[in-house]
Amino acid sequence: MNMNKLDSFKELLKIKRVRYGISILTFLAILSISVIFFSPYEYDQISYKIHLPPFTPSDRAWPYIFGTDNLGRDIFTRTFYAFILDVSCGLAIIALSGSIGLIIGLVSGYLGGTVDSILMRIMDIVISIPGFMLAIAIAAVLGSSIFNAIIAVVIVTIPIYARLVRGIVLSVKESLFILAAREAGLGSLSIIVKHILPHVIPTFITQATMELSNAIIYIAALSFIGLGAQEPVAEWGLMISSARRYVREAWWPAVFPGLAMFLTVLSFNLIGDGLRDYLDPKKRVSISG
Amino acid sequence: MARNIVQYIFYRFIQSVLSLFGVILIVFILSRILPGNPAVAILGPKATPENIERVTREWGLDKNYLDQFTIYISRLFRGDLGDSYVMGYSVSRLIMERLPTSFELVITAFILSLAIGIPLGILAARRHDTKLDLILTSLAVMSFSFPSLLLGVLLLIFFGVNLGLPVGGRIDPRYSINFYTGFVILDTLLNGNIAAFFDAFMRIIPPALTLAIPLAGLLLKLSRNSILEVMMQDFVRTARMKRLPENVVMYKHILRNALLPIVTVAGLYFAVLVTGDIVVETIFAWPGLGRLVWEAVTLRDYMVIQGSVLVISIIYIAINAVVDILYIYIDPRIRG
Amino acid sequence: MPFSRKVIIAIVVIVIAIAVSLTVTRLTLPQSAQKILVVGTTYDPKTLDPAQAYDIASSIVIQNVYDTLVGYKPGTSELTPKLAEKWESNENASIWTFYLRKGVKFHDGSELTADIVKYSIERAKNLQGPPAFLLDVIERVDVVDKYIVRFVLKYPFSPFPSLAAFTIFSPVPLNATKLDEKPIGTGPFKLESWKKGEQIILVANKDYWRGSPKVDKVIIRIYPDPATLRVALEKGEVDLALGIQPQDIEALSKNPNIKMVSVDGLVIEWLGMNHRRSPFNNTLLRKAINYAIDYDYIINVVLRGTATRLYGPLPPAVFGYDPEVEKYGYRYNLELAKKLLAEAGYPEGKGLRELELIISSAERAERKDVAAVIQRNLKEVGVNVKIVDLDWPTFLDRLFNHDFDMYMVDWFPDYVDPDDWIVPLFASYGLNMDGYNNTVVNELALKARQVADLNERLAIYKQLQKVIVDDAPWAFLYVPKLYVFMQKNVEGFVLYPVYYIDFYPVEKK
Chain A
930 MNMNKLDSFK ELLKIKRVRY GISILTFLAI LSISVIFFSP YEYDQISYKI
980 HLPPFTPSDR AWPYIFGTDN LGRDIFTRTF YAFILDVSCG LAIIALSGSI
1030 GLIIGLVSGY LGGTVDSILM RIMDIVISIP GFMLAIAIAA VLGSSIFNAI
1080 IAVVIVTIPI YARLVRGIVL SVKESLFILA AREAGLGSLS IIVKHILPHV
1130 IPTFITQATM ELSNAIIYIA ALSFIGLGAQ EPVAEWGLMI SSARRYVREA
1180 WWPAVFPGLA MFLTVLSFNL IGDGLRDYLD PKKRVSISG
Chain B
17 MARNIVQYIF YRFIQSVLSL FGVILIVFIL SRILPGNPAV AILGPKATPE
67 NIERVTREWG LDKNYLDQFT IYISRLFRGD LGDSYVMGYS VSRLIMERLP
117 TSFELVITAF ILSLAIGIPL GILAARRHDT KLDLILTSLA VMSFSFPSLL
167 LGVLLLIFFG VNLGLPVGGR IDPRYSINFY TGFVILDTLL NGNIAAFFDA
217 FMRIIPPALT LAIPLAGLLL KLSRNSILEV MMQDFVRTAR MKRLPENVVM
267 YKHILRNALL PIVTVAGLYF AVLVTGDIVV ETIFAWPGLG RLVWEAVTLR
317 DYMVIQGSVL VISIIYIAIN AVVDILYIYI DPRIRG
Chain C
72 MPFSRKVIIA IVVIVIAIAV SLTVTRLTLP QSAQKILVVG TTYDPKTLDP
122 AQAYDIASSI VIQNVYDTLV GYKPGTSELT PKLAEKWESN ENASIWTFYL
172 RKGVKFHDGS ELTADIVKYS IERAKNLQGP PAFLLDVIER VDVVDKYIVR
222 FVLKYPFSPF PSLAAFTIFS PVPLNATKLD EKPIGTGPFK LESWKKGEQI
272 ILVANKDYWR GSPKVDKVII RIYPDPATLR VALEKGEVDL ALGIQPQDIE
322 ALSKNPNIKM VSVDGLVIEW LGMNHRRSPF NNTLLRKAIN YAIDYDYIIN
372 VVLRGTATRL YGPLPPAVFG YDPEVEKYGY RYNLELAKKL LAEAGYPEGK
422 GLRELELIIS SAERAERKDV AAVIQRNLKE VGVNVKIVDL DWPTFLDRLF
472 NHDFDMYMVD WFPDYVDPDD WIVPLFASYG LNMDGYNNTV VNELALKARQ
522 VADLNERLAI YKQLQKVIVD DAPWAFLYVP KLYVFMQKNV EGFVLYPVYY
572 IDFYPVEKK
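These protein sequences, in sequence, are chains A, B and C. The numbering used here applies: residue 930 is where the first sequence begins, and numbers increase by one. The numbering used here applies: residue 17 is where the second sequence begins, and numbers increase by one. The numbering used here applies: residue 72 is where the third sequence begins, and numbers increase by one.
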């Protein structure tokens, strides 16, 4: 069993995209951890040194690598603090909405009937409202904070997992009726966990990885329009929003957080993309992976 | 076969109407839960309590929620979306002004993405497994990962500061244009004002590109993969063996079959775009529907919130339904 | 290959299109013989009816199409006769008599008389629009003579003449309909057209009682995006720009082709505290907060020098301001702040819960930055602050339901009299947002608005400023300066502290 998993992991790593994605992520993660431990600047340290261009030397351990923003804060430090924050938020979101969506999808698909209709109707309604708008509405109702923004995005993304899982459960359920008859006496829960879940997991994980990048974008976008992270927290969307006013004078406070966000989103997309090809060889067309 | 499709269409229609009702209900509830009284927000902090009360009564906000909801629904059936508290004129008029604005941006973005994505996808498929293919697919994945936050700001800087071109808004307020269609590009031409036409043209490109590039990347990948998938199939090999010229083989057989997933995804993406990307509209000060919802939320203009989200959801639901139906129609294998 | 040829053609077409548009948009519009002033602004008026208007965008147009009874001396907030040649009150300032100028005509030809003033005021009272509360003090309006009108007030109110400078006191002609879109006033300009959201065109009133304005037409264009307005100004597409954002002020002031006019404003911005909640009922704590804030940084760095420090309840530009507050007011003093905090019972902030600061940065993005600075400043003395940025209705809701620890907001006066700061903000019978209740202040504030003699009033306000500053109910932050930018050939424009935008004396050379 263990050898299998190790082998599959090695197989996965063979895909170039996955390698690239993981390397970028590792690089960013290492940078972030270094920043937290070693940066001579605090993330909310306001100073008179505003809008210094990138690589301006200073009297501290290292220069202002990405320059400073309109309140004299070091952008390099803030960008990587934001990495930790945004990625954690993203993980929290997919963990929450994924698990809730998984349960709803399993229950709905397996039980069928009225339960299924009701649950799916609710999912349909949620999906019918464009995601971002619903997130805005919910975040506005709950109040502007990162926590509430997370809740908003979770609510909006649950239907994605629910529908996905339900679809798989439905297609597997048919072929399993025979099995179920054979293993009469086995509880539904066991059937679900032992026989249905394994079919669900691969696609579910792929979707979750893709959704992680979406989750990060959602949080940043909500903070961008003022509904998520608040000053002086370092969060990419908030940083870009504050920097936008002065973009004619200083481009770096807006661009560097954006680039970091781009690289992060890219690496998760690459990993997810590679995962999808790995798990569904039929879809893999080109040899170069 | 035909009966199945009709049944499905009917079923989908009922589903859509139910969903729509759910949307109306949720939006109503959400907007009323929002703290803050629109009367206070609009009258100002010094307003006397009597005045606030009077305005609250005028707007029917003193009734309980159930009454307010029933009144709203009954007016809805008569086609009355209510009046904006802030603007003073009817919500339908406000939406009719903004809807073409969003539409125009989305259609432009869509055309751009098709023009960029599909030809490059075909190119990548024909040259698959070469360096060019690698570069193109990498670009595709990267462009798809580009958040509109960053891309929008970068394009704003590039076009506005580096190139010195006009950005922001739809058109320079210098030009007084009579809006016949609501599409600024068309209307400037209809007005015969060429300078205005070019101005509007240049202002729509950066936001349209921001929306188009991620979609172009997606389309590139999709078309490449679908084409390759079809290329692998037997009948193409057969056609090749018959010595048909490569171009004919390419365009006739492959494209037609590969179009299906492209159309589906593009259609779904279109639905998302049409609803108005708030981030892009904010960065470029584009007065579209997305921005309208946002402005209305910040002002507690309930009628506008409810009306615009309703219209947006109708469009969204409608396009989703159409795509679903088309999908079923085109690919009988998936039906059921 | 046919494919790449199509791509090349497409690229060529796009390049040609861009090149042509670049050249075409550089062509300037033809000059006409008329003297036209093009004004760029960022907001569309809501209504042009003086009885309903309560926003700046509407006021800008109304102030040029209508006259008020009382005006301001150019560039100041000192009252001067306008439609009223003089005014006087009875001994206890409860009855005010205004003597109207004779021979003033409306745009429709009718003459201004006391009857019409009475009609206009009663009309505004009946309509109960947003600014109607300003008329609440009026019991009734009597016509004493053809050109003499008398206001009988419900109670003594010495600030009454400053009230009469607000747009709601602009006389409107009898039998006028649709005044919200088709205004008819006595002012220097008439409305030619209003394309909502786009532009407003005013034409000179050649029969204006002060003489014809110097320009023939004023075109007010709405630029929803302030960044585009700035570009339009720099390119010379507008002559005058209103509503330039603080982040653009520095760059524009350095632009050699642009003229800047600035004046000290009357808007005050402060950090308020909820006295109903602990720990804000502790005067030492409030004082500690006052000393902990780096005001210089806020004004010079965050606001880039576009504001001046506020030391007390009144801004410098209003009469009754006592320059002494600058001496006894609070300045940044970290050590003193820490000492007072310890004396208040919270050494190094121990024992103090996390405080919540609510703001609404919707219209003023720099408020977010000011809040971030304050947060950091207070962190240095050990006070932890959480910033919550709300949209305006939620913010107001929490403010008026007294559900807050601290807040930051600004205050626009409706009439230029110390009364409009002191009473609403510091008297417990005012708006009472903070729950601040000082009987001395309550009494003095009431007395000051009932006394008719100016010198007596000044003395009371001097005393009030000292009492209030000593109490430190707030942290007094800053007064934004007002800026208007224009092309170098625009002359005669005078900026008023009340943000009265007067097109009458403006000309283009």
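FYI, nobody ran anything at the bench for these hints, they're computed from the structure. C-beta: ideal position from N, C-alpha, C; glycine also. Watch out, some of these pointers could steer you wrong.
[Claimed, not checked] Derived SDA-like pairs (lysine to any residue); straight-line CA-CA distance at most 25 Å: (1) LYS62(B) to ASN328(C); (2) LYS325(C) to ALA1179(A); (3) LYS106(C) to ARG190(B); (4) LYS62(B) to GLU562(C); (5) LYS249(C) to ASP96(B); (6) LYS457(C) to ILE173(B); (7) LYS117(C) to LEU77(B); (8) LYS306(C) to LYS147(B); (9) LYS176(C) to ILE290(C); (10) LYS189(C) to THR64(B); (11) LYS267(C) to ASP96(B); (12) LYS117(C) to LEU150(B); (13) LYS325(C) to LEU77(B); (14) LYS518(C) to THR64(B); (15) LYS77(C) to LEU139(B); (16) LYS253(C) to ASP99(B); (17) LYS253(C) to ILE293(C); (18) LYS945(A) to LYS147(B); (19) LYS267(C) to ILE220(B); (20) LYS518(C) to VAL208(C); (21) LYS117(C) to PRO317(C); (22) LYS173(C) to TRP158(C); (23) LYS325(C) to ARG375(C); (24) LYS580(C) to GLU562(C); (25) LYS457(C) to ILE1154(A); (26) LYS267(C) to ALA334(B); (27) LYS559(C) to ASN328(C); (28) LYS77(C) to LEU150(B); (29) LYS267(C) to SER108(B); (30) LYS325(C) to TYR977(A); (31) LYS552(C) to TYR977(A).
[Stated by the list, open to error] Sample of chain C residues lacking proximity to chain A, with all beta carbon distances greater than 10 Å (derived): (32) PHE204; (33) ILE219; (34) ASP251; (35) GLN316; (36) TYR368; (37) ARG402; (38) GLN446; (39) TYR486; (40) VAL494.
Structure-based check of all given hints:
| no. | hint | verdict |
| --- | --- | --- |
| 1 | LYS62(B) to ASN328(C) | violated, 41 Å |
| 2 | LYS325(C) to ALA1179(A) | holds, 17 Å |
| 3 | LYS106(C) to ARG190(B) | holds, 17 Å |
| 4 | LYS62(B) to GLU562(C) | violated, 37 Å |
| 5 | LYS249(C) to ASP96(B) | holds, 24 Å |
| 6 | LYS457(C) to ILE173(B) | violated, 33 Å |
| 7 | LYS117(C) to LEU77(B) | holds, 22 Å |
| 8 | LYS306(C) to LYS147(B) | violated, 47 Å |
| 9 | LYS176(C) to ILE290(C) | holds, 24 Å |
| 10 | LYS189(C) to THR64(B) | holds, 23 Å |
| 11 | LYS267(C) to ASP96(B) | holds, 22 Å |
| 12 | LYS117(C) to LEU150(B) | violated, 56 Å |
| 13 | LYS325(C) to LEU77(B) | violated, 50 Å |
| 14 | LYS518(C) to THR64(B) | holds, 23 Å |
| 15 | LYS77(C) to LEU139(B) | holds, 14 Å |
| 16 | LYS253(C) to ASP99(B) | holds, 21 Å |
| 17 | LYS253(C) to ILE293(C) | holds, 19 Å |
| 18 | LYS945(A) to LYS147(B) | holds, 14 Å |
| 19 | LYS267(C) to ILE220(B) | holds, 22 Å |
| 20 | LYS518(C) to VAL208(C) | holds, 16 Å |
| 21 | LYS117(C) to PRO317(C) | holds, 24 Å |
| 22 | LYS173(C) to TRP158(C) | holds, 15 Å |
| 23 | LYS325(C) to ARG375(C) | holds, 13 Å |
| 24 | LYS580(C) to GLU562(C) | holds, 7 Å |
| 25 | LYS457(C) to ILE1154(A) | holds, 19 Å |
| 26 | LYS267(C) to ALA334(B) | violated, 32 Å |
| 27 | LYS559(C) to ASN328(C) | holds, 6 Å |
| 28 | LYS77(C) to LEU150(B) | holds, 23 Å |
| 29 | LYS267(C) to SER108(B) | holds, 16 Å |
| 30 | LYS325(C) to TYR977(A) | holds, 21 Å |
| 31 | LYS552(C) to TYR977(A) | holds, 22 Å |
| 32 | PHE204 | holds, 29 Å |
| 33 | ILE219 | holds, 53 Å |
| 34 | ASP251 | holds, 31 Å |
| 35 | GLN316 | violated, 7 Å |
| 36 | TYR368 | violated, 7 Å |
| 37 | ARG402 | holds, 18 Å |
| 38 | GLN446 | violated, 6 Å |
| 39 | TYR486 | holds, 33 Å |
| 40 | VAL494 | holds, 32 Å |
Checked against the numbered hints above, the structure breaks hints 1, 4, 6, 8, 12, 13, 26, 35, 36, 38 and satisfies the rest.
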